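*Asks:* In case you want the letters, here they are:
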Amino acid sequence: MSGTALQQVELVVRTIAQTAVDNEKYFGDLDAVVGDGDFGYSLARGFEKVLEGWDDIDRTDVGAFLKKIGMIVTSRIGGTSGPIWGTAFMKAGISAGPANELSGEQVVAMLRAATDGIKARGQSDVGDKTLLDALVPMTDAIERELASGADHAAVLAVAATTARTAAEATSELVARRGRASYTGERSRGSVDAGAMGVAVIVERISHAWTTEGAS
Amino acid sequence: MSGTALQQVELVVRTIAQTAVDNEKYFGDLDAVVGDGDFGYSLARGFEKVLEGWDDIDRTDVGAFLKKIGMIVTSRIGGTSGPIWGTAFMKAGISAGPANELSGEQVVAMLRAATDGIKARGQSDVGDKTLLDALVPMTDAIERELASGADHAAVLAVAATTARTAAEATSELVARRGRASYTGERSRGSVDAGAMGVAVIVERISHAWTTEGAS
Amino acid sequence: MKKFINDPQQFVPEMLEGIALANPDTLRYLPEYNLLMRADSPREDKVSIVQGSGSGHEPAHVMIVGKGMLDAACPGDVFAAPPMDYVYETTKKLASPKGVLLLVNNYTGDRMAFDMGKEMAEAEGIRVEILTINDDVAVKDSLYTVGRRGVAGNFFVIKAVGAASEQGADIEELLRIGNKVNDVTRTMGVALTSCTPPAKGSTLFELGEDEIEMGVGIHGEPGRKRMKMTNADAIVDELLEAVVTDLPYSSGDDVALMINGLGGTPISELYILYRRAHQKLTEQGIKVTRSYVNEYCTSLDMAGASLTLVKLDDEIDALLGAPAEVAVRVF
Amino acid sequence: MKKFINDPQQFVPEMLEGIALANPDTLRYLPEYNLLMRADSPREDKVSIVQGSGSGHEPAHVMIVGKGMLDAACPGDVFAAPPMDYVYETTKKLASPKGVLLLVNNYTGDRMAFDMGKEMAEAEGIRVEILTINDDVAVKDSLYTVGRRGVAGNFFVIKAVGAASEQGADIEELLRIGNKVNDVTRTMGVALTSCTPPAKGSTLFELGEDEIEMGVGIHGEPGRKRMKMTNADAIVDELLEAVVTDLPYSSGDDVALMINGLGGTPISELYILYRRAHQKLTEQGIKVTRSYVNEYCTSLDMAGASLTLVKLDDEIDALLGAPAEVAVRVF
Ligand SMILES: Nc1ncnc2c1ncn2[C@@H]1O[C@H](COP(=O)(O)OP(=O)(O)O)[C@@H](O)[C@H]1O
Ligand SMILES: Nc1ncnc2c1ncn2[C@@H]1O[C@H](COP(=O)(O)OP(=O)(O)O)[C@@H](O)[C@H]1O
Ligand SMILES: [Mg+2]
Ligand SMILES: [Mg+2]
Ligand SMILES: [Mg+2]
Ligand SMILES: [Mg+2]
Chain A
1 MSGTALQQVE LVVRTIAQTA VDNEKYFGDL DAVVGDGDFG YSLARGFEKV LEGWDDIDRT
61 DVGAFLKKIG MIVTSRIGGT SGPIWGTAFM KAGISAGPAN ELSGEQVVAM LRAATDGIKA
121 RGQSDVGDKT LLDALVPMTD AIERELASGA DHAAVLAVAA TTARTAAEAT SELVARRGRA
181 SYTGERSRGS VDAGAMGVAV IVERISHAWT TEGAS
Chain B
216 MSGTALQQVE LVVRTIAQTA VDNEKYFGDL DAVVGDGDFG YSLARGFEKV LEGWDDIDRT
276 DVGAFLKKIG MIVTSRIGGT SGPIWGTAFM KAGISAGPAN ELSGEQVVAM LRAATDGIKA
336 RGQSDVGDKT LLDALVPMTD AIERELASGA DHAAVLAVAA TTARTAAEAT SELVARRGRA
396 SYTGERSRGS VDAGAMGVAV IVERISHAWT TEGAS
Chain C
431 MKKFINDPQQ FVPEMLEGIA LANPDTLRYL PEYNLLMRAD SPREDKVSIV QGSGSGHEPA
491 HVMIVGKGML DAACPGDVFA APPMDYVYET TKKLASPKGV LLLVNNYTGD RMAFDMGKEM
551 AEAEGIRVEI LTINDDVAVK DSLYTVGRRG VAGNFFVIKA VGAASEQGAD IEELLRIGNK
611 VNDVTRTMGV ALTSCTPPAK GSTLFELGED EIEMGVGIHG EPGRKRMKMT NADAIVDELL
671 EAVVTDLPYS SGDDVALMIN GLGGTPISEL YILYRRAHQK LTEQGIKVTR SYVNEYCTSL
731 DMAGASLTLV KLDDEIDALL GAPAEVAVRV F
Chain D
762 MKKFINDPQQ FVPEMLEGIA LANPDTLRYL PEYNLLMRAD SPREDKVSIV QGSGSGHEPA
822 HVMIVGKGML DAACPGDVFA APPMDYVYET TKKLASPKGV LLLVNNYTGD RMAFDMGKEM
882 AEAEGIRVEI LTINDDVAVK DSLYTVGRRG VAGNFFVIKA VGAASEQGAD IEELLRIGNK
942 VNDVTRTMGV ALTSCTPPAK GSTLFELGED EIEMGVGIHG EPGRKRMKMT NADAIVDELL
1002 EAVVTDLPYS SGDDVALMIN GLGGTPISEL YILYRRAHQK LTEQGIKVTR SYVNEYCTSL
1062 DMAGASLTLV KLDDEIDALL GAPAEVAVRV F
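Top to bottom, those sequences are chains A, B, C and D.
Each residue of the first sequence is one higher than the one before, counting from 1 in the numbering used here.
Each residue of the second sequence is one higher than the one before, counting from 216 in the numbering used here.
Each residue of the third sequence is one higher than the one before, counting from 431 in the numbering used here.
Each residue of the fourth sequence is one higher than the one before, counting from 762 in the numbering used here.
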């Protein structure tokens, strides 16, 4: 995909939103195993709102755009996911600032800002069996690939496989945060809904980047 | 079976009680089709009490014995069956009076007293799809057989087949009394629980009369 | 069957014991006769109000004994009228110089037990009257049936005579009031699932995954018709149509509206039904001035609900608004 | 799934509308924020008491808004904490010079939404405090969890601070009272069946015909262990052992005992549980002086129950006994 940085960010966000809406049932079923089954519903209802108001979102710059997304998500999504996902977008937006071009370093910084925001908001870290267990390894992989000079499509392809592998590996973990943590040892053996949601979304972004970029 | 009239009546009553206890589930299931499923439970709990107190029941004469049974049944059985079955025993006892011998006419008179008592208590009649639809044809058959000079065992055998045939025929009827009547036309197609209960009991009496009489 | 029970035969006694233990100051429990009564009844200056019926309809009627409601409950086993001598003994224990009023839901078994109990108590010089409740519109009254059933609407009859008796009304006056309330009260119910009597251990009837029973009775008796599951608004519309046209209730009427849960339906869903019923009635010019959304008369664990309307006048409204205190409560 | 619903996404709004329609004089409903509030709140002379949490626990907490209880409820969707801006807008609407007390059950989502809402409201000069409730003994508190959950015991915290705020207590005093009640309140629950969130349309987890889940959460989260179904007395003994030994409650204590139905269990069975719990406590010298047997905090249509104990002193006893009026009621 070519285009301005804003167009690229728009593609990413629209794909996230559309994937959340399309996977309402699947994400909900993942959350039902040791959680309360509403992860899919919460994300879908919130990102529906994002898509509904899509054309009216502030597009002054990448930062403003992402911050506005973060506000919609925080204010429309309930449960744990609202504050967690909203914080991620908000922090990424603040990190981007009034950018019109985004370097590889800036993208990585935005992703770090997002995951750090989640850690602070959720008082959680890698290994707690949350979406951080997909997001953080994925960010590491993106940083590595960009440093090695790979093009965007290649970077995203690696990000997608990394997120998928990492999400699947969460089934080895015992949950220490979120509702799943109440079940202790019994949370072992099933993947974390949030982490798997991230994997599915990144796969869709990787796919969209090449197909929609080509048009 | 030989023995005094009181011994004969005791055999009949004990067989009724034992059959009710043994068939709790079957009678309950019959009542569940268009009723509320408690016919078996109600009869079993009441006749359990009869068997529990069996040795202490007043045995001055047949009348006293049957009246006492009627009182236990009325006071211990809930639902519709308590008053209905209790009235039947009570009225049969009153009809028997201080008898020590029972002629065929007296037996028929006792049965008529019982069914008339049920009709009055339940404001019901033959054709309403109740136990009367087994009891009344059975009484008719007993009267016929006795008049024709058949012996007791033969009379009871005919009574049993008549009650069974009549009970099965209740499935053609629409209930007009009891809880089943609320379903109107939908009560057609299944037998009445009370009538079928009578049939099963009379079969057991007929069997007991020959086997236990032989001992 | 998964239920919180020990011995199914002890279902009713253990429940009654629980109610008594939770209300040691206000209730008295006599296990011999399944009798739960107010500790301060009978009173010289008050007609005793008693209701009996099968169990399985809780909180009716064993949990609504108390000030302004029943003086005593005389329950039978699950879905079975109490034996006659429970009625007789209860009536004797509650005997007041002003008399005993027996409230009976219109079922064959109950009527027979109460008629017989009344006769026996009268033979001992006790003044006894019977008031029969029959608010269920699902059953068409005709020569060929035993008449309409008494269902959740009995709450309003109890409330009204309970309040009036507290104010000193005599037994004729209570009969007048009770019959008056019964005459303006109509109910119809719907079942989403069957129910499981403890002693039976399995469901009373079968309903398909996509079926509901319209006009169901409170003992799991089948109702008017079996139909396809549909949404809450459509179900309310059908219940309301049957109930409203029966009395009929009409524009300008003030009514009490009750949405009663049948035991397995959460109160959240009851309010979804309430919403539609309230809106529809308002559209028809019928004003809901009293609302009752809770479980009042259940069928064990059945998922389902019933809708009751009571046409109000000043007298009924005041009696329904009078204070009362019973075992089923929030605080 | 057979439920009285229309559009599953309208489950919460339609329920709230029903509650508002049934209580036109006392409640006000603001659909934009799922906000249900007392018509006479906020008041100059009273701290506003607000609780928020996911829906699906009715009557908690949307049906206990009223005099002596909550000034407002701020519900999210079924089992989902309310979005942060609902909390923020609710806090603004309820702003009183004496402050707003937000009662939060201890779940990650709820805590985050309320923390964020509080920060935003404070930025506008509103005095806001948060009181966290965590009475569930099933979850062992440890460094590796997010701490104990708030479950049915929240009723007692609400009742106490609701009563105290009505009497004019300031916000520090309410924090003291609320924390004090929370500290002496313990709960554990058991599920006989799963529950069905309307939007999911199928059960949240599977329980075999002969299995129960001990220590279940109120969102269908699995509990301490899955075990074989057993009788009511054995179940009570296990719940009670866990609850009593946790505080611990001991001989000579006066307690409030709550048996809370989880939505699909009829009240008859709750009294069978109550009976055993009362008897066992009495044997241990623990005196039950207040009893609560009803649905307080449910999990949609789940069959099951929870047992709560509150250790009483004169202050708590008086607050629990103070008058209150809410939407969930009998009369
Ligand atoms: N403290 C936390 N920090 C980060 N992520 C978390 C935390 N708690 C839960 N999550 C993530 O949120 C997901 C569940 O989201 P959601 O269903 O909205 O939450 P809930 O229903 O438990 O409030 C989990 O699968 C996990 O990935
Ligand atoms: N009015 C009546 N007269 C005579 N028999 C009746 C009457 N009503 C019901 N029965 C009989 O009683 C049986 C049901 O008994 P039972 O289950 O104890 O009653 P219920 O549960 O309806 O009170 C019916 O099958 C029928 O044979
Ligand atoms: Mg969840
Ligand atoms: Mg029956
Ligand atoms: Mg019955
Ligand atoms: Mg949730």
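Any given hint could turn out to be false.
In silico DSS-like cross-links for lysine-lysine, where the CA-CA straight-line distance does not exceed 27 angstroms [unchecked claim]: (1) 989/D <-> 240/B; (2) 1048/D <-> 941/D; (3) 1048/D <-> 68/A; (4) 989/D <-> 432/C; (5) 655/C <-> 264/B; (6) 49/A <-> 854/D; (7) 658/C <-> 25/A; (8) 282/B <-> 522/C; (9) 941/D <-> 432/C; (10) 710/C <-> 741/C; (11) 67/A <-> 853/D; (12) 610/C <-> 432/C; (13) 432/C <-> 986/D; (14) 610/C <-> 497/C; (15) 432/C <-> 853/D; (16) 476/C <-> 432/C; (17) 655/C <-> 989/D; (18) 989/D <-> 25/A; (19) 283/B <-> 334/B; (20) 1048/D <-> 497/C; (21) 49/A <-> 67/A; (22) 710/C <-> 763/D; (23) 989/D <-> 497/C; (24) 658/C <-> 763/D; (25) 854/D <-> 67/A; (26) 828/D <-> 989/D; (27) 658/C <-> 283/B; (28) 282/B <-> 334/B; (29) 658/C <-> 334/B; (30) 658/C <-> 710/C.
What the hints contain is simulated information worked out from the structure, not anything from laboratory work.
Since the structure is predicted, the reported quantities are computational estimates derived from the model, not experimental observations.
*Asks:* A separate judgement is required for each hint: does it hold in the structure or not?
*Replies:* We went through each hint and held it up to the structure:
1. 989/D <-> 240/B: holds, 25 angstroms
2. 1048/D <-> 941/D: holds, 20 angstroms
3. 1048/D <-> 68/A: At roughly 57 angstroms apart (the allowed maximum being 27 angstroms), residue 68/A and residue 1048/D break the hint.
4. 989/D <-> 432/C: holds, 11 angstroms
5. 655/C <-> 264/B: At roughly 39 angstroms apart (the allowed maximum being 27 angstroms), residue 264/B and residue 655/C break the hint.
6. 49/A <-> 854/D: Satisfied, since the Cα-Cα distance of roughly 24 angstroms is no more than 27 angstroms.
7. 658/C <-> 25/A: holds, 25 angstroms
8. 282/B <-> 522/C: Holds, at about 23 angstroms.
9. 941/D <-> 432/C: Not OK: residue 941/D and residue 432/C at ~37 angstroms, beyond 27 angstroms, violated.
10. 710/C <-> 741/C: Distance of about 16 angstroms is within 27 angstroms: holds.
11. 67/A <-> 853/D: holds, 23 angstroms
12. 610/C <-> 432/C: violated, 42 angstroms
13. 432/C <-> 986/D: Within the cut-off at roughly 17 angstroms; holds.
14. 610/C <-> 497/C: With a Cα-Cα distance of about 22 angstroms, the restraint between residue 610/C and residue 497/C holds, given a limit of 27 angstroms.
15. 432/C <-> 853/D: Violated, at roughly 46 angstroms.
16. 476/C <-> 432/C: violated, 43 angstroms
17. 655/C <-> 989/D: violated, 38 angstroms
18. 989/D <-> 25/A: The hint is violated at about 31 angstroms.
19. 283/B <-> 334/B: Roughly 21 angstroms between the alpha carbons, so the hint for residue 283/B and residue 334/B holds.
20. 1048/D <-> 497/C: holds, 25 angstroms
21. 49/A <-> 67/A: holds, 15 angstroms
22. 710/C <-> 763/D: This hinted pair holds, its Cα atoms lying about 23 angstroms apart.
23. 989/D <-> 497/C: Since the Cα atoms of residue 989/D and residue 497/C sit roughly 42 angstroms apart, the hinted pair is violated (cutoff 27 angstroms).
24. 658/C <-> 763/D: holds, 11 angstroms
25. 854/D <-> 67/A: holds, 26 angstroms
26. 828/D <-> 989/D: At roughly 43 angstroms apart (the allowed maximum being 27 angstroms), residue 989/D and residue 828/D break the hint.
27. 658/C <-> 283/B: violated, 51 angstroms
28. 282/B <-> 334/B: Satisfied, since the Cα-Cα distance of roughly 18 angstroms is no more than 27 angstroms.
29. 658/C <-> 334/B: violated, 40 angstroms
30. 658/C <-> 710/C: OK: residue 658/C and residue 710/C at ~22 angstroms, within 27 angstroms.
Against the hints set out earlier in the document, violations occur for numbers 3, 5, 9, 12, 15, 16, 17, 18, 23, 26, 27, 29.
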